[in-house]
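Participant: Sequence:
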Amino acid sequence: RKLSHELGIDPASLPPESFSFLTRLHYCAQDASEPEPGMWGEHEMDYVLLARADVALDPNPAEVEAVRYVTRGELEEMMDASSGLAWSPWFRLLAARLLP
20 RKLSHELGID
30 PASLPPESFS
40 FLTRLHYCAQ
50 DASEPEPGMW
60 GEHEMDYVLL
70 ARADVALDPN
80 PAEVEAVRYV
90 TRGELEEMMD
100 ASSGLAWSPW
110 FRLLAARLLP
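Counting in the working numbering, the sequence shown runs from 20 upward without gaps.
Just to be clear, a hint being listed does not mean it is correct.
Below, computed lysine to aspartate or glutamate pairings styled on EDC-like, alpha-carbon distance capped at 16 Å [what the hints assert, rightly or not]: (1) Lys21 to Asp77; (2) Lys21 to Glu82; (3) Lys21 to Glu55.
What the hints contain is simulated information worked out from the structure, not anything from laboratory work.
With these hints in hand, go ahead and build the complete structure from the sequences.
Facilitator: Okay, structure coming up:
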């Protein structure tokens, strides 16, 4: 459901059996953005599934700012504090613990 909504991926191109369970994670994070920093946030239990497939993307601009394929080294550079890029807390956890 979210693949279609957020990334514009046709569900028929990724049947349920193409996914593998990686982990689940529980996290809480405050939203520090304006106009009311700390007023909102996230408190979620997320299940992380992995599928490797050649699919067409049509990202929803209301959900996804940018999409880019990168190497592990490029990702590490992008996630360095000096890059100025912001990352969700849950992705930082996954990148540190689960990415090959």
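Participant: Next, verify each hint and record whether it holds.
Facilitator: Hint-by-hint comparison with the structure:
1. Lys21 to Asp77: Holds: Lys21 and Asp77 sit about 13 Å apart, inside 16 Å.
2. Lys21 to Glu82: 10 Å, holds
3. Lys21 to Glu55: Not satisfied, since the Cα-Cα distance of roughly 27 Å exceeds 16 Å.
Checked against the numbered hints given earlier, the structure breaks only hint 3 and satisfies all the rest.
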